[in-house]
Amino acid sequence: MEVQKPHLTLPLTKSHISVARLTNYWYIACQSKELRDKPVARTVLGIPLVLFRGADGKASAFLDRCPHRNIPLSQGRIVDGYLECGYHGWQFDGSGACQAVPGLCSIPENNRIKASTYSVVEQDGFVWIFGNPDAEPTTLPYQFPNVNENGYTTWREEFCYESTLLAALENVTDVPHTAFVHRGLFRSEPKRKQITAVIRRQPNGVETEYVDEPRPSGLAARIIAPGAAEVSHFDRFILPSIAQVEYQFGKNYSLLVTQAMTPVSDFHIQNFVVVTFRLGLPGWLMRPIVKLLLSSIIHQDALVLKAQSENIRRFGGEQFMTTDIDLLGSQIWLMLQQAERGELRQPKEFTEKRIHIHV
Amino acid sequence: MEVQKPHLTLPLTKSHISVARLTNYWYIACQSKELRDKPVARTVLGIPLVLFRGADGKASAFLDRCPHRNIPLSQGRIVDGYLECGYHGWQFDGSGACQAVPGLCSIPENNRIKASTYSVVEQDGFVWIFGNPDAEPTTLPYQFPNVNENGYTTWREEFCYESTLLAALENVTDVPHTAFVHRGLFRSEPKRKQITAVIRRQPNGVETEYVDEPRPSGLAARIIAPGAAEVSHFDRFILPSIAQVEYQFGKNYSLLVTQAMTPVSDFHIQNFVVVTFRLGLPGWLMRPIVKLLLSSIIHQDALVLKAQSENIRRFGGEQFMTTDIDLLGSQIWLMLQQAERGELRQPKEFTEKRIHIHV
Amino acid sequence: MEVQKPHLTLPLTKSHISVARLTNYWYIACQSKELRDKPVARTVLGIPLVLFRGADGKASAFLDRCPHRNIPLSQGRIVDGYLECGYHGWQFDGSGACQAVPGLCSIPENNRIKASTYSVVEQDGFVWIFGNPDAEPTTLPYQFPNVNENGYTTWREEFCYESTLLAALENVTDVPHTAFVHRGLFRSEPKRKQITAVIRRQPNGVETEYVDEPRPSGLAARIIAPGAAEVSHFDRFILPSIAQVEYQFGKNYSLLVTQAMTPVSDFHIQNFVVVTFRLGLPGWLMRPIVKLLLSSIIHQDALVLKAQSENIRRFGGEQFMTTDIDLLGSQIWLMLQQAERGELRQPKEFTEKRIHIHV
Chain A
1 MEVQKPHLTL
11 PLTKSHISVA
21 RLTNYWYIAC
31 QSKELRDKPV
41 ARTVLGIPLV
51 LFRGADGKAS
61 AFLDRCPHRN
71 IPLSQGRIVD
81 GYLECGYHGW
91 QFDGSGACQA
101 VPGLCSIPEN
111 NRIKASTYSV
121 VEQDGFVWIF
131 GNPDAEPTTL
141 PYQFPNVNEN
151 GYTTWREEFC
161 YESTLLAALE
171 NVTDVPHTAF
181 VHRGLFRSEP
191 KRKQITAVIR
201 RQPNGVETEY
211 VDEPRPSGLA
221 ARIIAPGAAE
231 VSHFDRFILP
241 SIAQVEYQFG
251 KNYSLLVTQA
261 MTPVSDFHIQ
271 NFVVVTFRLG
281 LPGWLMRPIV
291 KLLLSSIIHQ
301 DALVLKAQSE
311 NIRRFGGEQF
321 MTTDIDLLGS
331 QIWLMLQQAE
341 RGELRQPKEF
351 TEKRIHIHV
Chain B
1 MEVQKPHLTL
11 PLTKSHISVA
21 RLTNYWYIAC
31 QSKELRDKPV
41 ARTVLGIPLV
51 LFRGADGKAS
61 AFLDRCPHRN
71 IPLSQGRIVD
81 GYLECGYHGW
91 QFDGSGACQA
101 VPGLCSIPEN
111 NRIKASTYSV
121 VEQDGFVWIF
131 GNPDAEPTTL
141 PYQFPNVNEN
151 GYTTWREEFC
161 YESTLLAALE
171 NVTDVPHTAF
181 VHRGLFRSEP
191 KRKQITAVIR
201 RQPNGVETEY
211 VDEPRPSGLA
221 ARIIAPGAAE
231 VSHFDRFILP
241 SIAQVEYQFG
251 KNYSLLVTQA
261 MTPVSDFHIQ
271 NFVVVTFRLG
281 LPGWLMRPIV
291 KLLLSSIIHQ
301 DALVLKAQSE
311 NIRRFGGEQF
321 MTTDIDLLGS
331 QIWLMLQQAE
341 RGELRQPKEF
351 TEKRIHIHV
Chain C
1 MEVQKPHLTL
11 PLTKSHISVA
21 RLTNYWYIAC
31 QSKELRDKPV
41 ARTVLGIPLV
51 LFRGADGKAS
61 AFLDRCPHRN
71 IPLSQGRIVD
81 GYLECGYHGW
91 QFDGSGACQA
101 VPGLCSIPEN
111 NRIKASTYSV
121 VEQDGFVWIF
131 GNPDAEPTTL
141 PYQFPNVNEN
151 GYTTWREEFC
161 YESTLLAALE
171 NVTDVPHTAF
181 VHRGLFRSEP
191 KRKQITAVIR
201 RQPNGVETEY
211 VDEPRPSGLA
221 ARIIAPGAAE
231 VSHFDRFILP
241 SIAQVEYQFG
251 KNYSLLVTQA
261 MTPVSDFHIQ
271 NFVVVTFRLG
281 LPGWLMRPIV
291 KLLLSSIIHQ
301 DALVLKAQSE
311 NIRRFGGEQF
321 MTTDIDLLGS
331 QIWLMLQQAE
341 RGELRQPKEF
351 TEKRIHIHV
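Residue numbers (this note's numbering), protein chains in the order written: chain A, 1 to 359; chain B, 1 to 359; chain C, 1 to 359.
Certain hints may be false.
Copies of the same chain look alike in the list, so a pair counts if it fits in one copy or across any two.
List of simulated lysine-lysine pairs, DSBU-like, C-alpha gap at most 30 Å [stated by the list, open to error]:
1. K306 to K114
2. K114 to K193
3. K114 to K353
4. K291 to K193
5. K251 to K353
6. K114 to K348
7. K348 to K306
8. K114 to K33
9. K348 to K58
Calculated from the structure, these hints are not laboratory results. The structure displayed is predicted, hence computed values, not measured ones.
With the rest of the complex left out, here is chain A:
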């Protein structure tokens, strides 16, 4: 077995904040159930949007700005499936075309006046928008595994963070912080054991598998997997903004937490979490327990991410020191940067990297 030397890189960055803006990707704007009889305002990648459901039930997303006098369309109303501006009553159909200009004697030819539109796909109970208004998307949004599959229990939650996308993604896929930020819930120091983490680059992301990991000693693990001695544990990043944690307890039981993060702005994340599990006890019993644990964990992380984000902005940029056990952070940043520049490279062969870590 190769002996690891503590490997410390110099600070990666100085006076720079790790923000990547990936526009040619899908992001969740809201949950499907939120689109009812009123227009809904959401901000994605710093872009203010208005979402509404047209007469045919299809969801649409426009820039939240009337092309006439720039009032937010989200402050208007839906009339017969048209989105009506509250200032002069201009009406837009689901394609963005203006269908009425009250007071104007001749109705303008179709499509002469148009709201700026964003591509929309509704899937898995979410309304996804494509971050680039001018491009025709050639991909579909991410599909959450096992959602509504027989034997699985699934539900959705929404959390709001103050954080960069990178910091929030690293946080979800980072193991060492759990003993401190979630003291008692996951792991605690006296019972550490050395295991191996295998890092694998994947076409659209990167994955860590923890080999021979004992069941974490904390409360959370004891409740969720009371009988399991060993677990299979994977942390994954999937472009552009998904962090996923998977636990498998033996052959039959599993817990998958997928966090699809929408950057509201460079420093705010709307986190849409999908939890899917098959555990020993029935779903109706496990669900409130898992829900409570997840909620506790995410609120603890949100506090740390907010403190980190505020401090980095206070210092005018981050200055990080990275060790070997910061397993995915640097990889995620590299991929985000490459994707932002449209230069995401697929390595010729995906090799594994093995790191020892105390958990």
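Got chain A sorted already, so can you dock chains B and C onto it with the hints?
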């Protein structure tokens, strides 16, 4: 009759906010009745001012900054008609000359120390200041028509907006929005009729006359002019910042609402409104009714203007699409820009432009 | 006796705010008693610091940023005399060296990971830090005179101002404002008398001695020195940020108020005040009286300084007019500027300047 085609101009502006700063004009700083025994702080065109009444009763306006250590003079007090700074007790007379420096053994020669002063005229119950401290005004402030004239009822109100000057001026002189922002008060859609609007450039402004306009169908019109079938209706812009709406009901009755807007800053307006009317019923009866209607209308407009202003700033500038029935907005902007550059051109002949509009 | 003409200089500055940043000096970060079992966050010269007491009781100060992921270390905890970061549990000893990276299999060699440290000296009940992290201090912090000396009563207070350092220093050493800002407490106008102020440049500061000053007529003076007819009164500035007022009543009694100001930022001051006195009445009786008077005076000054600071920033810079009786302000500004540039010049001989002033 010429047939109108719907005329849509491309967005006039991109990433620009329509702000003009006209300094060589008079603006209302406050109402006369506000200047009593304490200095008064007001901001005009972004300039912090202190106003006070000297020993002779004359109003004065200085930059709100003591020339000594730059404390706001408005936080001082008036002593024997002098404005006294609260930090070291320096005293200034109405001309701005410093008349006392406590502690200094020799009194400084007159006028060696001076506060920065602004020209003041008191007229019609308002204290007007000239926006340029270095220029000698060659004009007088606007005179409100029929104020205190026999048979007319007049009163003054003050409102505060979050808006650019241009947006607030356009709003007052715009008819199409009334059916939406003031739904029910003015006009309602089912009863629209096509009429003609005549736009006339004037030496210091621009006017729209609505020809053959039926009495608006809403509540406001029914209360104010119960017997009138037709009205003469004028919307006017008068440089630099006055918007005026005039209704004439037959030969004897009229309602004139003049809104003299003071830009507190680029995005805040202090609106001094003078209402003068002669209506069928006595003034003491009509006044509370008109007051209530006016207040409702202006508060509805203030909400729209705030939403518009915030959205334009959020997007980093406006991007407007204009149709033929946006009658005065473009004209006002053109005149504000010309006046700001000192290049206000008087056309050789003032021609009329006729537009059809559904009201 | 030389006759003074009122001497008015032109405004010293235009569109400039009098801010000097002197890093090669000692500043008080906090009181000694504040460093107990939790890390303490303080900002000095705009630099966020964390302070804590190590296992040996010695105080340390680091940049308030974990070198790993830049969380504020002040949000961590002290474990066995080490400062532990709350995110991943990295532990730092008093020298800044990282002694533990939980999860990492091989402990990093000593000092490979280090927090950024600031020199600390604990003295007179205060924790002083040196403003330059890279320099080795060759001086010691200022020592407060007579602290804990027999026959003297001493105590410490802490006040927070919104002010530039210059404005706060000038305010303490300025006599003319006392008749206005502290009307009734110090002096009142009808009883003014002409005296002589002697200004003396000193190696690290500048001093004014007021010659033949009668005991001030206000309440404060009558309580503190009921029997004294004349007082010796000195106002002093000591680099980089100390303002000192000394009153001597006859041979035996004295009152010394030393205000050691720490610029939290360019516009905020944390003022550590040390009061030391020997007065006719016993300390236990005088202390609450002096305490109340001091607190009243400082709160009145804080209001003026806040108004001044806000106004200067509102106008984009100060524009001061200075007379002969602004005794120390210009001198302080000159020394601060020279010290900031590292060009503090010692004049060949320290001459006195005599000014007449009405007090």
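Structure-based check of all given hints:
Taking CA atoms no more than 30 Å apart as the test, K306 paired with K114 passes between copies only; the shortest distance there is 24 Å, against 39 Å inside one copy. Taking the shortest Cα distances, K114 and K193 sit within 30 Å of each other only across copies (27 Å), while inside one copy they are farther apart (61 Å). Taking the closest pair of Cα atoms, K114 and K353 come within 30 Å of each other only across two copies (28 Å); inside a single copy the shortest separation is 51 Å, beyond that limit. Taking the shortest Cα distances, K291 and K193 sit within 30 Å of each other inside one copy (28 Å), while across copies they are farther apart (60 Å).
Taking identical chains as interchangeable, the C-alpha atoms of K251 and K353 lie at most 30 Å apart only when both belong to the same chain, with a minimum of 26 Å there against 81 Å between chains. In the homo-oligomer, the alpha carbons of K114 and K348 never lie at most 30 Å apart, since the shortest distance is 45 Å inside one protomer and 38 Å across protomers. With identical chains, the CA atoms of K348 and K306 are never at most 30 Å apart, being 38 Å at best within one copy and 56 Å at best between copies. Taking the shortest Cα distances, K114 and K33 sit within 30 Å of each other inside one copy (27 Å), while across copies they are farther apart (51 Å).
Proximity of K348 to K58 under the C-alpha cut-off of 30 Å is found in neither arrangement, the shortest distances being 42 Å within a copy and 56 Å between copies.
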